[in-house]
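A.B. asks: Residue numbering for the sequence shown is 294 to 654, as defined by my numbering.
Some hints here could point you the wrong way.
[Unchecked claim] Pairs of lysine-lysine residues, derived as DSSO-like cross-links and limited to a Cα-Cα distance of at most 27 Å, are as follows:
| # | residue 1 | residue 2 |
| --- | --- | --- |
| 1 | Lys468 | Lys534 |
| 2 | Lys461 | Lys547 |
| 3 | Lys421 | Lys551 |
Simulated from the structure, these hints should not be mistaken for laboratory data. Keep in mind that this is a model prediction, so the values were computed, not measured.
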Amino acid sequence: MEAENEELSNEILQKTEEFQTRKEELMLERGLLQGEISALEAKLAKLKAKEADFTDTIQEEENKIESVKMEFNPQQKALDKQQQEIERREKSLKEEFSENFDDKTAESCIKEQELSEALSGASDELEKSSRIIKRLEERQQSARGFLNMEHFTFVTDSKLASLHVEHKEVSQQIKNLSNKIQLGQRGVVTLRKTLNEVEAQISDLDAAKEIAKRERNFKEAKRLKEEREALTQEGVESQGKLESLLTELAEEKKLLEKAEKETRGPGSRDKRKGSSCCCGYCGEGNRCDSCATGTNKQNLVSDLCKKHDIPMPDLDQSQVKYESQDIKENMEAAARPLKSTEGEILQEQTKNYEEFAGQIE
């Protein structure tokens, strides 16, 4: 039995010898590692002690820093308070600038619209004035036809020559006034084009201003505002030029009215006095061919000659019937007054523009 146990032990020893050897090697290595760990633990303890010293030193330095900060704490609080006040005022100024900018923009848009409407009205009134001039020219042509009728054989005298000279002067005056009106119309067209361009540029600036406001770029918004004010000033100057043109047109209208009175001749005064003749040029109590059947056709020519203090012409009787009516029609056209609305067009226009200019200023 003992032999079997010994044999079994030897067999076990043989089979575990390799493991035992490995165990001893590992235990030896563990011992070495434990030695290193002990050395590292000692070194770690020294490092921790050194760390604690550094921590204490850092805390002391922090305490010194806090002490210095406490010395300057009143000054820092004052600076912080000033900074807050500056930020508050800056915000208030930005809001005020934005509100004023919007108000100025709206006001400028209203003025531009009023100016555009006024220019449109001025253009219409100038067209009416042009039509008035055309009618005056037609009347002037009728008066010229009357003065240049070849079937009359008047004896030339100084008064008739003076009438011809006066008629030519009035005709030339009407032509000159017509040319001035046309130049005025061209000026209005040019001013309107300029104002339309200004309005388009202002619209672009308004759009750019809105973008700048949304981006809170107040420096750019201020620049756009100044540029817009410059364009608005240009529009005001154009409006002043237009007002000057209208003033000149009003003066020219007065001259046209004066020329119109001169082209009417003395017959119109007789007509206003209540002449019994329908044509208004035959004198009180006289009747021409168009007023009563059987009346002498030469009464018209006779009365005209009496009014102008000229000799009775030698008139072909066969022409009286056909020419007297032409004479009356031409004289009636020359003497017919303008409608009150046409006569007051330029004056009303000038008054409206003076009021509008006062509002802009």
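A.B. asks: Taking the hints in turn, state whether each one holds.
C.D. replies: Okay, the hints, checked on the actual structure:
no., hint, result
1, Lys468 x Lys534, "24 Å, holds"
2, Lys461 x Lys547, "19 Å, holds"
3, Lys421 x Lys551, "18 Å, holds"
Checked against the numbered hints listed earlier, the structure breaks none of them; every hint is satisfied.
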